[in-house]
Amino acid sequence: MKLPFNFLRAVADDQRIENLKGLSLFKRLTARELRELDELLHQRSYQKDEVIFDEGDVGLGLYIVVSGRVLIVSSHAALQRVAPECGPGDFFGELALFEESQRTARAVAGEPTQVLALFRSEFFSLLERDRGIGVKILFELSRTVVGRVRKVLASQSHLPVV
Amino acid sequence: MREEPEPGVLTWCVIILVTCLILYLFERVLWLVVPGLLALVGYYCLQPLVQVLVRAGLKQRTAGKVVTGLLFLVMALGVILLLSLAVTRAAGWKAVTAHYVQGGLDFLGKTEGLLAEKMPLLKSSALVRSTPTNLDAVAGQFVDKYLGRVLLQMVHWLPSLLLVPYLAYFILQDGNRLKKHMIQSVPNAFFEKTLLLFDRVDRSLRSYLIGLMKLTFLDTVCLGLGLWFLGISNPLLLGLIAAVLAWVPYVGSAVGGLLVTMVAATDFPSEPVTIYGCVVLFICVRLLDDFVFMPMTVGRSLRVHPVLSVLMLFLGAEMAGPAGLLLVLPVLGVVAVITETLGQILTDQRVRARYRQARQLQRTMPEAG
Numbered sequence: 007m008k009l010p011f012n013f014l015r016a017v018a019d020d021q022r023i024e025n026l027k028g029l030s031l032f033k034r035l036t037a038r039e040l041r042e043l044d045e046l047l048h049q050r051s052y053q054k055d056e057v058i059f060d061e062g063d064v065g066l067g068l069y070i071v072v073s074g075r076v077l078i079v080s081s082h083a084a085l086q087r088v089a090p091e092c093g094p095g096d097f098f099g100e101l102a103l104f105e106e107s108q109r110t111a112r113a114v115a116g117e118p119t120q121v122l123a124l125f126r127s128e129f130f131s132l133l134e135r136d137r138g139i140g141v142k143i144l145f146e147l148s149r150t151v152v153g154r155v156r157k158v159l160a161s162q163s164h165l166p167v168v
Numbered sequence: 272m273r274e275e276p277e278p279g280v281l282t283w284c285v286i287i288l289v290t291c292l293i294l295y296l297f298e299r300v301l302w303l304v305v306p307g308l309l310a311l312v313g314y315y316c317l318q319p320l321v322q323v324l325v326r327a328g329l330k331q332r333t334a335g336k337v338v339t340g341l342l343f344l345v346m347a348l349g350v351i352l353l354l355s356l357a358v359t360r361a362a363g364w365k366a367v368t369a370h371y372v373q374g375g376l377d378f379l380g381k382t383e384g385l386l387a388e389k390m391p392l393l394k395s396s397a398l399v400r401s402t403p404t405n406l407d408a409v410a411g412q413f414v415d416k417y418l419g420r421v422l423l424q425m426v427h428w429l430p431s432l433l434l435v436p437y438l439a440y441f442i443l444q445d446g447n448r449l450k451k452h453m454i455q456s457v458p459n460a461f462f463e464k465t466l467l468l469f470d471r472v473d474r475s476l477r478s479y480l481i482g483l484m485k486l487t488f489l490d491t492v493c494l495g496l497g498l499w500f501l502g503i504s505n506p507l508l509l510g511l512i513a514a515v516l517a518w519v520p521y522v523g524s525a526v527g528g529l530l531v532t533m534v535a536a537t538d539f540p541s542e543p544v545t546i547y548g549c550v551v552l553f554i555c556v557r558l559l560d561d562f563v564f565m566p567m568t569v570g571r572s573l574r575v576h577p578v579l580s581v582l583m584l585f586l587g588a589e590m591a592g593p594a595g596l597l598l599v600l601p602v603l604g605v606v607a608v609i610t611e612t613l614g615q616i617l618t619d620q621r622v623r624a625r626y627r628q629a630r631q632l633q634r635t636m637p638e639a640g
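Protein sequences appear in the order of chains H and U. Heads up, my numbering is the position in the first sequence plus 6, with the first residue counted as 1. Heads up, my numbering is the position in the second sequence plus 271, with the first residue counted as 1.
Bear in mind the hints are in silico, worked out from the structure with no lab data behind them. Where a beta carbon is used, it is the ideal one built from N, C-alpha and C, also for glycine. Certain hints may be false.
As the list claims (entries may be wrong) - Derived DSSO-like pairs (lysine-lysine); straight-line CA-CA distance at most 30 Å:
1. U/Lys330 x H/Lys27
2. U/Lys451 x H/Lys33
3. U/Lys451 x H/Lys54
4. H/Lys142 x U/Lys450
5. H/Lys142 x U/Lys451
6. H/Lys33 x H/Lys54
7. U/Lys336 x H/Lys27
8. H/Lys142 x U/Lys330
9. H/Lys142 x H/Lys157
10. U/Lys464 x H/Lys54
11. U/Lys336 x U/Lys450
12. H/Lys27 x U/Lys451
13. U/Lys330 x H/Lys33
14. U/Lys450 x H/Lys54
15. U/Lys450 x H/Lys33
16. U/Lys450 x U/Lys464
Claimed, not checked - Stretches of chain U that chain H covers, calculated by requiring three or more beta carbons in the stretch to come under 8 Å of a beta carbon on chain H:
17. 317-331
18. 442-456
19. 627-636
Let the hints inform the model, and build the full structure from the sequences given.
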């Protein structure tokens, strides 16, 4: 017989998995893969004007906006133009997933915001044990990064768009 | 990858003090600490198996139940087997231990005699004069005094070992949820650094405990093969005991070496070549261990200087006896990681400023609303 709290937890889990499926980054993942990924995601809530991370911080992971709005402010004009704002389903801080480098922009909650965080080393451990999930996430991630690079290149009149 | 600054003297003083305090507390609840530690080893070893089952289609909870159920079965069978062996063969073990202690003392006496013959100066030395004249009595006393106590301790510890699969099950099932809940309770400003702290502790423990298991396996195989080649009785069991004793760095290896020599001296009292062969084998395996196996397995996962390791072994023994010897280095390693990272978090001006800003926002929020 299942205990009530176990049952409630199972219902809550299913709801969360459904929500994850709706995010563009995870749209290619199966329910089983989403469950595995869900173990690694950390949900955080931010108040309006609260700093999520600052330019110059050592980046440790990627953030996905679940609800609310995140403003991206960078001292680099070109970067500022790429994605000045992130809404539900968008992600930011993705470079930290690939290397331990300093953040190139500041992320501030524009309104009460909920985000999911994916920590680099936990993502690497997922890549090691299930490359299938890793490939699907990296594919979606690369598409967005490529789009952002194109935007930067397009904004620079002296550089060709490849 | 950025290089983190090395902790200073004050930080190390705090690390040593906290380690001693933890060991002192651990000694009070040793019946829970030992199964807890073994459960952690079980968790790290079984986690890949659970993940294989999850990928094969089982749900995480079902896979955890299957794997820990198997572990429970194996452990229960092992405990039953050991208990029945202890009950039926205790008298035999007493005789065997007395036999080997006697053999070791005989070898010691012979070696001293030979030394005294070659170097007459030694005849008058305190070492030779202190050699017991009645070796049988000494061996008998040793067995009466210690073997019964060791056997009683074994029987006393076996039931609490059954806690291992139970604890491993809960770490496997809910360990990650517990970690996420703990991280969730941390203020946003410290979130990323806290993730880093958990990751570092997890890495240190994982690489140390799994590395130790691999090292034990390699040592057992090498020593077992060598002893079998030399014709010593129960080579694999002896190899395993020596490898487990080596969990206590430096001191454990010496005790393991003595044990192997004692068995060889008893099995082959008139063949010094075999006895010295065992000593050479032991030294070779230790060298192999230090220069090849150790870097391959445990490595410098705990990042503790050798001199500090030895000093901490003495402190650990003082604080918590034999258990302190075993626990001191992993505890020191984990405390060092936590103290270092906490130091970095608390001295990071940007993080503290962000925390103050979030608190300010929280205070002004109801007023704005």
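Hints versus structure:
1. Between the alpha carbons of U/Lys330 and H/Lys27 the distance comes to roughly 18 Å, so the proposed pair stays at or under 30 Å and holds.
2. Restraint check for U/Lys451 and H/Lys33: satisfied, since their Cα atoms lie roughly 24 Å apart, inside the 30 Å limit.
3. At most 30 Å may separate the alpha-carbon atoms for a hinted pair to count; U/Lys451 and H/Lys54 meet this at roughly 24 Å.
4. In summary, the hint linking H/Lys142 to U/Lys450 is supported, as the alpha carbons are separated by about 26 Å, within the 30 Å threshold.
5. A C-alpha spacing of about 24 Å is found between H/Lys142 and U/Lys451, which places the hinted pair at or below 30 Å, so the restraint holds.
6. Proximity of H/Lys33 to H/Lys54 is assessed by CA-CA distance (about 28 Å); at most 30 Å being required, the pair is judged to hold.
7. In summary, the hint linking U/Lys336 to H/Lys27 is supported, as the alpha carbons are separated by about 27 Å, within the 30 Å threshold.
8. Straight-line distance between C-alpha atoms of H/Lys142 and U/Lys330 comes to about 21 Å, which keeps the hinted pair within the 30 Å bound.
9. Of the supplied pair hints, the one linking H/Lys142 and H/Lys157 holds, its CA atoms being roughly 23 Å apart against a limit of 30 Å.
10. Restraint check: the Cα-Cα separation between U/Lys464 and H/Lys54 comes to about 22 Å, which is no more than 30 Å; the hinted pair holds.
11. Annotation: proposed proximity of U/Lys336 to U/Lys450 holds, straight-line Cα distance about 20 Å (limit 30 Å).
12. Restraint check: the Cα-Cα separation between H/Lys27 and U/Lys451 comes to about 21 Å, which is no more than 30 Å; the hinted pair holds.
13. Taking the CA atoms of U/Lys330 and H/Lys33, the gap is near 21 Å; set against the 30 Å cutoff, the hint holds.
14. Among the hinted pairs, U/Lys450 with H/Lys54 is consistent with the structure: their alpha-carbon atoms are about 27 Å apart, no more than 30 Å.
15. A threshold of 30 Å between alpha carbons decides the hint, and for U/Lys450 with H/Lys33 the separation of about 26 Å falls inside it, so the pair holds.
16. A hinted pair counts as satisfied when its Cα atoms are at most 30 Å apart, and U/Lys450 with U/Lys464 qualifies at roughly 14 Å.
17. With 7 residues having a beta carbon nearer than 8 Å to a beta carbon of chain H, the segment 317-331 of chain U meets the requirement of three or more and the stated coverage holds.
18. Proximity of the segment 442-456 of chain U to chain H, defined as three or more residues with a beta carbon under 8 Å from a beta carbon of that chain, is established by the 4 residues found.
19. Counting residues of the segment 627-636 of chain U whose CB falls under 8 Å from any CB of chain H gives 5; the rule of at least 3 is met.
Violated hints for the displayed structure: none, as all numbered hints are satisfied.
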